[in-house]
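Undergrad: Keeping the supplied structure of chain F fixed, place chains S and C upon it in accordance with the hints.
Chains as they are written, first to last, in our numbering: chain F, 119 to 516; chain S, 10 to 347; chain C, 416 to 604.
Please note that a few of the clues may not be correct.
Residues from chain C that face chain F, not an exhaustive set, calculated with beta carbons under 7 Å [claimed, not checked]: (1) F466; (2) E485; (3) V509; (4) F561; (5) G563.
These aren't lab readings, by the way, just hints derived from the structure by calculation. As the structure is a computational prediction, the values presented were derived from the model and not from experiment. Idealized CB from N, CA, C, for every residue including glycine.
Each chain is listed here by its residues.
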Amino acid sequence: MTAVDRHRLSMHHSEVQVSVELQTPDMTLNLGPQHPSTHGVLRLIARVDGEVIEEVEPVIGYMHRGYEKIAEVRTYPQITALVNRIDWVSGFANEIPFMVATERLMGLDVPERAQYIRLILTEMARISSHLVFLSSFPLELGAATPLMHALRERERVLDLIEGVTGGRFHPNFNRVGGVKPAAGAGSTQKKVIQDLPIEFLEQSRQAMQYVRDVCDDLKDLVVGNEIFMERTKGIGIIPVDKALAFGVSGPNLRASGVPFDIRKTDDYLPYSNFEFDVATGENGDCFDRYTVRLEEVIQASRIIDQAIDSIPSGELQAKVPRIFKVPQGEIYVRAENPKGEMGYYIVSEGGRGPYRLKIRSASFSNLSVLPWLLQGQLVPDVIAILGSLDFVLGDVDR
Amino acid sequence: MSALFDGFWALLGLKVLVSLLVILNVALVIIFAELKISAHMQSRVGPYFAGGRYGWAQPIADGIKFIQKEDLVPRDADRPVFKLAPMVVLAGTVAVFVIVPFSPTLVVRNLDLGVFYALAAGSIATVGVLMAGWSSANKYSLMGGLRAAAQLIAYELPLVLAVVGVVIHAGTLSMSGIVEAQAEPFFHLGETAIHLPYLFQGQVIGFGIFFIAMLAELSRTPFDMPIAESELVMGYLTEYSGIRFTMFFLGEYAGMFAMSAIASSLFLGGYYFPGLDSATFGPIVLMAKVGLLVFVMIWFRWTFPRFREDQLQSFAWRWMVPLSLVNIAVTATFKVVF
Amino acid sequence: MTANPSELAERVAGVVGSDRFSSDNGTAKVRVDSDHWLEAHQTLGAEMPYFSWLSAIDWATEVAVGDPPESEDVESRYEILSCLGNVETGELVVLSTDIAKDDPSIASLTDVFGGANWHEREAAEMMGIDFVGHPNLTHLYLPDAFEGHPLRKTFPLLSRDVKPWPGTVDVEPMPDEEGPSTENPEDAG
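Chain F on its own, in the form it takes in the complex:
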């Protein structure tokens, strides 16, 4: 045998393995499902050559809970309680398109006050979701401080949501026909009609000011930071045609330069009464996705201020019986969720629950662009790109 063979035989078992692996150009790297940076249980099987990714296959489904199947055996009010767990970071916003779809199928008129309350809470959910992103994305790049500052202000917003609905992430506050009108009580007590808490509107105004202040802080601390700019500018560019073909929506699409906002095009909530700008980016890289979401928080706070000023008085829920059947029909309603476009296609066959419920979740489509997007990127950039897409595994897996 040659000298090389003798040498290899005498090496320690693990050494031989390592050197054999290093001889081939490709290495299969498995990111997740437990990993500090993937947002939940996402598994990426990546074939890397040095630090460059050649091919990546996302493996999802670790959080699949079978929403669409369960919805076939639930009534519409029961589904409301389930649906806010799809995208658990922005709990309230998930219920809205489902409610609107059901109400349109039934031909109900939702009172204006209820619509305004829904709008305020949806925008608060948007602020909450975006603040999580704005703070955890720099953390993945190494900056730990923005996390603390942004989450502190988020607590204010969550406290407000909790004061109204009783829940921070899963409010379960919508009812078919409006919002929850009465404080729950046992069957022996008279139900108390309960409106918003007394100081809610004033505290919201103050909270919005705090939120705007922290956004200014984030602009200085993060957006103006040269290292942050170097790590995110030009990274992970999604061109417009690919974004549209894959169904990328929400801030990710707007960062690529498309000013598409469902709040402006569809009237599922009275957004047309308010003035707000649609934040758009230029290049579609990670930096733009960050600045777009930062701007959206400021715009959301603007909307809330205007809504607080002009909220009408009135009923909180249209008259609906406790157990009702929805007439036959099919409808698709979509809404601008913080993560993107969320829609529900309800097929009703006149039952107490839907015959078929198709949930179009934003993160599923946002994530489907990953195999194309990550090809040719560097391993450290993968973390930046994954973070900038801002997906939640509950939304992806349903």
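TA: For chains S and C alone, kept in the frame of chain F given last:
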């Protein structure tokens, strides 16, 4: 012969013991300072319970916790190398400490080649990092170890070149000599003699390069790619736990202390402060300057995100090295002309 | 919607060459023959490049879970739905086609819309539909060894095996009011 042995070795043993104690205690203090400073920067309080309201016993508690952990060596790891790596890193860092002058007389060993020795000893830690990454038999550790080694080697050069400027200025490689050279008055304003540390004597660029290279040598953010937590779990440290991890951990903070001490001696005037007697106040002055530098390092860590590996490398080779060469040329010119 | 749904439905039907369209409940829906599924999308893709989602409905008269459909003329088939949109005008249209249950296969849209890849994988594993021309029709959500197609109406829920579907159960009326009426919306209290 025996008399020589007794006196010399006893004194040496005492010096080694004292310096080890000093380093380890200062490292603990720096750890605590980092916890508290970072907490206050983030609107938090930091350690609160260990040792009363200020949590000062937190590092001690952490140390005791680490010491009593299970001794874990991965099955496929290369045992001797795995066990030796943290010791190499710690030894390399502590060895730098030998030539740091706390006062004109308080120094472990005043070598004539002090600066040379310090830089050489400091780079032993690089070998330890490579050993750790390789022997862990873990893909993530390997990637971390390679990144770390590349980074450390890349930033050695600017570190050394920045020091050359100071050496030219002072005319000596001995640390105490350099501090004494800074104690000379720079110029006279009438009757008063103005003393300026080398930082203000024109070594601004040199100090900047040295500080940045120091951050990179210590793997502190923004140069902490090797242990980028959110990407490689803990990089080359992933498989380490218990006492071995403590050695790495202490090595990092002891390194902060040692390198800051060198930086203050070279650029900020060391134990000398105009108007104060060096022999009595020397250590306090030096510790104050070290504390300032350590504070800035902690501040940087919690403010900046981290560089990507290739950006880090291009920054070193395309900016730092040419700039430090320019610094040397300018310093030499000034020294010859004036 | 910014566009009038009935006008939109008519226009899109003209583009894809179909004469069955509707705009009930504000949703523009155009029905296409299954042979022309791919062609319709290719033609419409120029005008509506935004691919929103793709899914399927299992129409059956006998169901293992839930309530069976109330209308009598439900034909047993799979209905494939796809939703396309235009981001500049905010228009949204749903295209649908029917395929038979005994041989459920249809052309894949992955060449026209890259996003169809994952949606078709999900529909394939949930309903058992074969998408001809799809590059990688493996399980997306379900474990590789999973047998069966969960969203089919014949697939039972484990919880329903344990405890059968209670049927149309009405909640007891409140102590001081009549029983709930499902015909006239009354004050539910």
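Undergrad: Against chain F, with CB atoms and a cut of 7 Å, does the hint on G563/C hold up?
TA: 12 Å, violated
Undergrad: Is the interface hint for V509/C satisfied, with its Cβ closer than 7 Å to some Cβ of chain F?
TA: Where the cut-off is 7 Å and the nearest Cβ of chain F is about 6 Å from V509/C, the hint holds.
Undergrad: Verify the interface restraint on E485/C: the C-beta must sit less than 7 Å from at least one C-beta of chain F.
TA: 4 Å, holds
Undergrad: With a cut-off of 7 Å, does the beta carbon of F561/C approach a beta carbon of chain F closely enough for the hint to hold?
TA: Since chain F brings no Cβ nearer than about 10 Å to F561/C, farther than 7 Å, the hint is violated.
Undergrad: Minimum Cβ distance from F466/C to chain F below 7 Å?
TA: Holds - the Cβ of F466/C comes within 7 Å of chain F, reaching about 5 Å at its closest.
Of the numbered hints given earlier, the model fails hints 4 and 5; all others are met.
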